[in-house]
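A.B. asks: Could you put together the complete structure from these sequences and hints?
Next come the chains, spelled out residue by residue.
Protein chains: 2
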Amino acid sequence: MKAPKIPEATITRLSVYSRFLERMDRQGVVTISSGEIAEGVGVSPAQVRKDLAYFGEFGTRGVGYNVKDLMRYTLKILGLTRPWTVVVVGAGNLGTALSTYKGFRDRGFYIVGVFDNDLTKIGKRIQDLEVYPLEKLPEIVARHGVKIGILAVPGEAAQEVADLLVQNGVEALLTFGAVVLNVPEHVVVRNVDLSVKLEILTFNLSFRASHGL
Amino acid sequence: MKAPKIPEATITRLSVYSRFLERMDRQGVVTISSGEIAEGVGVSPAQVRKDLAYFGEFGTRGVGYNVKDLMRYTLKILGLTRPWTVVVVGAGNLGTALSTYKGFRDRGFYIVGVFDNDLTKIGKRIQDLEVYPLEKLPEIVARHGVKIGILAVPGEAAQEVADLLVQNGVEALLTFGAVVLNVPEHVVVRNVDLSVKLEILTFNLSFRASHGL
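Line by line, the protein sequences give chains A and B. Residue 212 in our numbering is what sits at position 201 of the first sequence, and the numbering runs on without skipping anything. Residue 172 in our numbering is what sits at position 161 of the second sequence, and the numbering runs on without skipping anything.
Check before you lean on any hint, since a few could be wrong.
[What the hints assert, rightly or not] Cut-off 20 Å, straight-line C-alpha distance, at most; resulting in silico cross-link-like pairs (EDC-like, lysine to aspartate or glutamate):
no.	chain 1	residue 1	chain 2	residue 2
1	B	K113	A	E167
2	B	K208	A	E68
3	A	K16	A	D36
4	A	K61	B	E19
5	A	K16	B	E50
6	A	K158	A	D117
7	A	K113	B	E167
8	A	K208	B	D204
9	B	K208	A	E33
10	A	K208	B	D117
11	B	K147	B	D174
12	B	K16	A	D80
13	A	K208	B	E33
14	A	K113	A	D139
15	A	K113	B	D204
16	A	K79	A	E68
17	B	K147	B	D117
18	A	K16	A	E33
19	A	K208	A	E19
20	A	K208	B	E182
21	A	K147	A	D174
22	B	K208	A	D204
23	A	K61	A	D80
24	B	K61	A	E19
Note that these hints are calculated values from the structure, not bench results.
C.D. replies: Here you go:
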């Protein structure tokens, strides 16, 4: 079967829908309309319907969606019906913040190792984790079947760390800042550039000012 | 003039295009096609043309875009032809990581204050910044004309901090994690949820597996 081409923005919204549906489910809501989902997450109802349509037929006209079913389905699409183990490389401020980020565990992401090559950081405790030397990475990745690595290292170290992760079977990498990695085709890489988010703010501030709003 | 409705995904890509154009400009590239931009940033040429079309006519058929002009124009749209001062509230690991994030300064964002109400953090130095008590926030925001605030505080403190920032004239807030804020209509809020990015990775890993890829 040929994989349909699904826009990344749709996946991002599915992730947001699934959180909203979890919240509704916890509140005991049984059925929900695309309009209610749309309002809950701040997009148009047409967008919600279009996003869900990529994955098949949902909902009953005039009745809406069953919250539990749709929630489970979005989680399934996102690959979240199983837990994922994750390693973080870099135990500086960013790596430490990521290692203790509550949002990960809520979604089934378990950090099983934090690594650094800085002797002043190795052995340091980050909540229930201990910072390990990079040499220990192959063992931890193998033991926990880790497929996801987060790179919280300076840009100049990123490629070397990515190579190490990939050699040990990690297939998905999350990087921060202006980092471009060369990786084999089977490896998925996504980058978080925090200035992009700030630029959405400045676009709004400037655009509004220039239109006298 | 009525402001056209521009999709947020377009703004995000403009931010990415402008970085790519800066790099090309530094390398001495004078003209560039939508296909080359597309390849450079990993989207389709049609997407590049569609995104730029929101902002008027660009480029010459068969010749392409002038790199310097298009770069300047994207920066102008994003509000980046002027510097922006920013405050960070919260001097934990995340706040510290953000306060020293190199990518901000490269794009003209200057952190002029880091604040916390934790006595063990106040007075601590983060590179050339000193952690100030929250009481000092009004003075710093006024002195530097700060319009942008980054909230790196626990979820339960976020609303109170947002109120303080907004009362002092801040009009754009960046938050982390699962935080929902009530703010006046003129305030722009964007949220960085790092698990969303991980879920794009797991979507790709799972989808590929389930399609035998």
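A.B. asks: Evaluate each hint against the coordinates.
C.D. replies: Hints versus structure:
1. Of the supplied pair hints, the one linking K113 of chain B and E167 of chain A holds, its CA atoms being roughly 13 Å apart against a limit of 20 Å.
2. For the proposed pair K208 of chain B and E68 of chain A, the alpha carbon gap of about 26 Å is over 20 Å, so the pair is violated.
3. Restraint check for K16 of chain A and D36 of chain A: the C-alpha separation of about 30 Å exceeds 20 Å, so the hint is violated.
4. Restraint check: the Cα-Cα separation between K61 of chain A and E19 of chain B comes to about 17 Å, which is no more than 20 Å; the hinted pair holds.
5. Proximity of K16 of chain A to E50 of chain B is assessed by CA-CA distance (about 18 Å); at most 20 Å being required, the pair is judged to hold.
6. With a CA separation close to 18 Å, the supplied pair K158 of chain A and D117 of chain A stays within the 20 Å bound.
7. In summary, the hint linking K113 of chain A to E167 of chain B is supported, as the alpha carbons are separated by about 13 Å, within the 20 Å threshold.
8. Pair hint K208 of chain A plus D204 of chain B holds up; C-alpha atoms about 11 Å apart against a cutoff of 20 Å.
9. Annotation: proposed proximity of K208 of chain B to E33 of chain A holds, straight-line Cα distance about 18 Å (limit 20 Å).
10. Taking the CA atoms of K208 of chain A and D117 of chain B, the gap is about 14 Å. The hint holds against a cut of 20 Å.
11. For the suggested pair K147 of chain B and D174 of chain B, the alpha carbons sit about 15 Å apart, so the restraint of at most 20 Å is met.
12. Between K16 of chain B and D80 of chain A the CA atoms are separated by roughly 33 Å; this puts the pair beyond 20 Å, and the hint is violated.
13. The hinted pair formed by K208 of chain A and E33 of chain B meets the criterion: a straight-line CA distance of about 18 Å does not exceed 20 Å.
14. This hinted pair checks out: K113 of chain A and D139 of chain A have alpha carbons roughly 13 Å apart, not beyond 20 Å.
15. Under the criterion of a C-alpha separation no larger than 20 Å, the hint pairing K113 of chain A with D204 of chain B is consistent with the structure, at around 11 Å.
16. With a C-alpha separation of about 15 Å, the suggested pairing of K79 of chain A with E68 of chain A holds against the 20 Å cut-off.
17. Distance restraint check for K147 of chain B and D117 of chain B: the Cα-Cα separation of roughly 27 Å exceeds the 20 Å cut-off, and the hinted pair is therefore not satisfied.
18. Between the alpha carbons of K16 of chain A and E33 of chain A the distance comes to roughly 26 Å, so the proposed pair goes past 20 Å and is violated.
19. Taken as a hint, the K208 of chain A and E19 of chain A pair is honoured in the structure, with Cα atoms around 17 Å apart against an allowance of 20 Å.
20. About 15 Å separates the Cα atoms of K208 of chain A and E182 of chain B, which keeps this hinted pair within 20 Å; it holds.
21. Restraint check: the Cα-Cα separation between K147 of chain A and D174 of chain A comes to about 15 Å, which is no more than 20 Å; the hinted pair holds.
22. Restraint check for K208 of chain B and D204 of chain A: the C-alpha separation of about 11 Å stays at or below 20 Å, so the hint holds.
23. For the proposed pair K61 of chain A and D80 of chain A, the alpha carbon gap of about 18 Å is at most 20 Å, so the pair holds.
24. Among the hinted pairs, K61 of chain B with E19 of chain A is consistent with the structure: their alpha-carbon atoms are about 17 Å apart, no more than 20 Å.
Hints 2, 3, 12, 17 and 18 from the list above are not met by this structure, while the remaining hints are.
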